[in-house]
Amino acid sequence: MAFIEIKDVRFSYNLGTPEAKEVLHKISMSIEKGEFVALLGHNGCGKSTVAHLLNGMLVPTKGEITVGGISTAAEETILEVRSKVGLVQQNPDNQIVAGIVEEDVAFGPENLGVPQPEIRQRVDEALKAVDMYEYREHAPHKLSGGQKQRVAIAGIIAMQPDCIVLDEPTAMLDPRGRKEVMDSIKRLNTERGITVVLITHYMDEAVQAKRVIVMDEGSILREGTAEEIFSEVEFMKRHDLDVPQATELVYRLKAAGIGLKGDMPLNTAECMKIFEKYDKNAV
Amino acid sequence: MIGDITFGQYFPGKSIIHKADPRLKITLTVAYIVLLFIANNFLSLAAVVGFILLIMALSKVPVGLYFKSMKAVIFIVTFTSILNLFYGTGEPLVKFGFITITQNGVFNAIFISVRIVSLILTSSVLTFTTSPTQLTDAIERLLKPLSYLRVPVHEFAMMMTIALRFVPTLLEETDKIMSAQKARGADMESGGIIQRVRALIPILIPLFVSAFRRAYELATAMESRCYHGGKGRTKMKLLKFGKVDVIVIGAVLINLALFIVLNIIFPPSIVL
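For the record, the sequence lines run as chains A and B.
Here the numbering used here is used: the first residue of the first sequence is 3, the next is one more, and so on.
Here the numbering used here is used: the first residue of the second sequence is 57, the next is one more, and so on.
Since the hints were made in silico from the structure, they are not lab data.
Cβ coordinates follow ideal geometry from the N, Cα and C atoms, glycine included.
Accuracy of the hints is not assured; some may be wrong.
What the hints assert, rightly or not - List time: in silico DSSO-like cross-link candidates among lysine-lysine, alpha-carbon distance up to 30 Å:
| id | chain 1 | residue 1 | chain 2 | residue 2 |
| --- | --- | --- | --- | --- |
| 1 | A | Lys-181 | A | Lys-130 |
| 2 | A | Lys-144 | B | Lys-75 |
| 3 | B | Lys-232 | B | Lys-70 |
| 4 | B | Lys-232 | A | Lys-144 |
| 5 | B | Lys-296 | A | Lys-144 |
| 6 | A | Lys-49 | A | Lys-35 |
| 7 | B | Lys-293 | A | Lys-86 |
| 8 | A | Lys-239 | A | Lys-9 |
| 9 | B | Lys-287 | A | Lys-86 |
| 10 | A | Lys-256 | A | Lys-275 |
Unchecked claim - Facing chain A, a subset of chain B residues (Cβ under 8 Å, in silico):
| id | residue |
| --- | --- |
| 11 | Met-216 |
| 12 | Leu-220 |
| 13 | Arg-289 |
| 14 | Lys-291 |
Build out the structure end to end from the sequences listed, making use of the hints.
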């Protein structure tokens with residue numbers, strides 16, 4: 003069994019009221035330990051609902067989700083689920099609890115009842131993992147957006163989870179902040195083997211994942227490697243989704259009848275390789 | 057304009073007073089405020105005020121900050137001392153028609169202003185030298201006995217922590233909303249008091265809506281991080297009673313003894 007199993011899950015908001023609306027229609031997926039999964043889809047497709055379902059903030063209306071074999075629906079084991087799957091939200095301002103960086107990072111371990119000397123150790127380690135150690139005594143409101151979001155991530159890391167779910171963590175950040183946060187996320191995945199589920203609008207971030215899942219209208223449309231998903235440019239466009247800029251460029255050039263060879267590129271470097279192979283006279 | 061609020065501001069430092077246990081500081085602040093009002097002659101009052109001034113000097117906080125904290129109470133101080141000046145009893149010193157000033161009135165006026173000023177200074181020492189987290193931590197510990205009476209002490213402390221954490225965030229947001237409303241032609245600077253209060257409505261409503269949204273997201277974040285009340289919770293930073301605190305207590309005891317002796321031996325300078 004995979005680390006996280008989502009089986010035939012349906013979910014409706016406002017259940018039992020006239021406004022009840024099903025936002026997830028029988029979705030299933032499994033996530034293995036150490037994976038880096040990106041979840042794509044435009045607004046209102048149910049991505050955020052999935053994020054909240056993964057650590058038991060929401061419970062499926064039908065079907066079941068298990069984390070390490072434990073159901074997220076059971077009240078008595080919910081803390082165990084939440085300490086295994088951490089959730090980082092979009093707005094860093096609204097997830098920082100304490101007025102000093104290190105105290106905020108300590109919030110999770112304190113809730114778990116970790117002994118005092120170990121908390122200190124975990125906090126320092128978590129702050130180092132996101133490169134925020136030197137800011138440990140700062141007030142969060144004086145940090146930049148990217149720094150705040152990294153503090154929020156450190157707050158999750160300090161609980162030593164197996165998996166982090168990030169719900170559009172870079173949506174409110176400038177390009178520099180986005181890069182800082184993405185670098186931290188990638189490092190956590192490769193160096194510490196933490197499972198990452200990244201929900202994003204930015205295709206350039208999604209291509210960094212090993213597996214991409216595309217959602218629309220509460221269902222899973224496609225699932226595959228970044229190469230597989232983004233080479234289907236028409237499919238993505240039909241569902242109002244972007245593709246990375248490099249992919250888009252090659253797609254348009256091909257459509258214009260320019261004979262480029264090779265697979266669809268996912269980033270600038272791959273794009274350059276295709277251009278280098280281009281032979282004007284071959285057409 | 058909004059950035060000017062300095063009340064409860066923390067001034068980081070490494071002085072003796074900064075290092076003292078926040079629980080001790082809170083207790084002493086309360087005790088000294090009480091002493092200020094028990095003192096009934098100039099000498100015992102001087103003993104209390106002198107000690108407060110000593111603590112202020114030891115705190116190494118710039119004197120300017122203390123003066124700044126006085127700004128808010130200047131009006132109250134002048135108002136109450138003038139009132140006291142005219143309402144004295146006994147032999148008049150000066151007489152202008154219906155206004156009489158007696159020695160007792162003058163003494164009362166001096167006493168009341170010294171008391172109010174020292175009261176503000178004492179609490180300023182506390183807030184200048186104690187970080188908000190230390191303050192809430194200390195309050196939580198001091199009020200702990202109340203939790204046996206089912207008073208939700210932990211929840212109260214958590215609310216304070218969050219409130220303090222969000223003060224700068226919400227101030228920033230208020231500024232943004234004000235600019236946004238001004239850009240849409242809102243007029244906040246002219247008109248009478250009623251008009252000005254009315255002009256606040258388009259600022260307060262968006263502020264409240266956003267505060268509720270923030271609260272919802274914060275609750276999600278806290279629950280995601282396994283928050284489940286104060287039960288079984290540990291703390292990273294433990295409050296420790298150290299050498300500094302012993303020295304402070306020693307000094308306080310000497311001061312207290314001096315105060316009691318002075319207060320008993322010398323006759324009261326004021327009549328209440």
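Here is how each hint holds up against the structure:
1. For the suggested pair Lys-181 (chain A) and Lys-130 (chain A), the alpha carbons sit about 17 Å apart, so the restraint of at most 30 Å is met.
2. At roughly 24 Å between alpha-carbon atoms, Lys-144 (chain A) and Lys-75 (chain B) fall within 30 Å of each other, so this suggested pair holds.
3. Taken as a hint, the Lys-232 (chain B) and Lys-70 (chain B) pair is broken in the structure, with Cα atoms around 35 Å apart against an allowance of 30 Å.
4. Among the hinted pairs, Lys-232 (chain B) with Lys-144 (chain A) is consistent with the structure: their alpha-carbon atoms are about 16 Å apart, no more than 30 Å.
5. Distance restraint check for Lys-296 (chain B) and Lys-144 (chain A): the Cα-Cα separation of roughly 29 Å lies within the 30 Å cut-off, and the hinted pair is therefore satisfied.
6. The suggested pairing of Lys-49 (chain A) with Lys-35 (chain A) holds, with an alpha-carbon distance near 20 Å, which does not exceed 30 Å.
7. At roughly 25 Å between alpha-carbon atoms, Lys-293 (chain B) and Lys-86 (chain A) fall within 30 Å of each other, so this suggested pair holds.
8. Simply put, Lys-239 (chain A) and Lys-9 (chain A) have alpha-carbon atoms about 28 Å apart, close enough for the 30 Å limit, and the pair holds.
9. At most 30 Å may separate the alpha-carbon atoms for a hinted pair to count; Lys-287 (chain B) and Lys-86 (chain A) meet this at roughly 20 Å.
10. The hinted pair formed by Lys-256 (chain A) and Lys-275 (chain A) meets the criterion: a straight-line CA distance of about 15 Å does not exceed 30 Å.
11. Taking 8 Å as the C-beta contact cut-off toward chain A, the hint placing Met-216 (chain B) at the interface is violated, the least distance being around 10 Å.
12. For Leu-220 (chain B), the interface hint holds, since its Cβ comes within 8 Å of a Cβ in chain A; the closest pair sits about 6 Å apart.
13. For the restraint placing Arg-289 (chain B) at the interface with chain A, the shortest Cβ-Cβ distance is roughly 6 Å, inside the 8 Å limit, so the hint holds.
14. A distance limit of 8 Å between C-beta atoms decides the matter here; for Lys-291 (chain B) the minimum to chain A is near 6 Å, and the interface restraint holds.
Checked against the numbered hints listed earlier, the structure breaks hints 3, 11; every other hint is satisfied.
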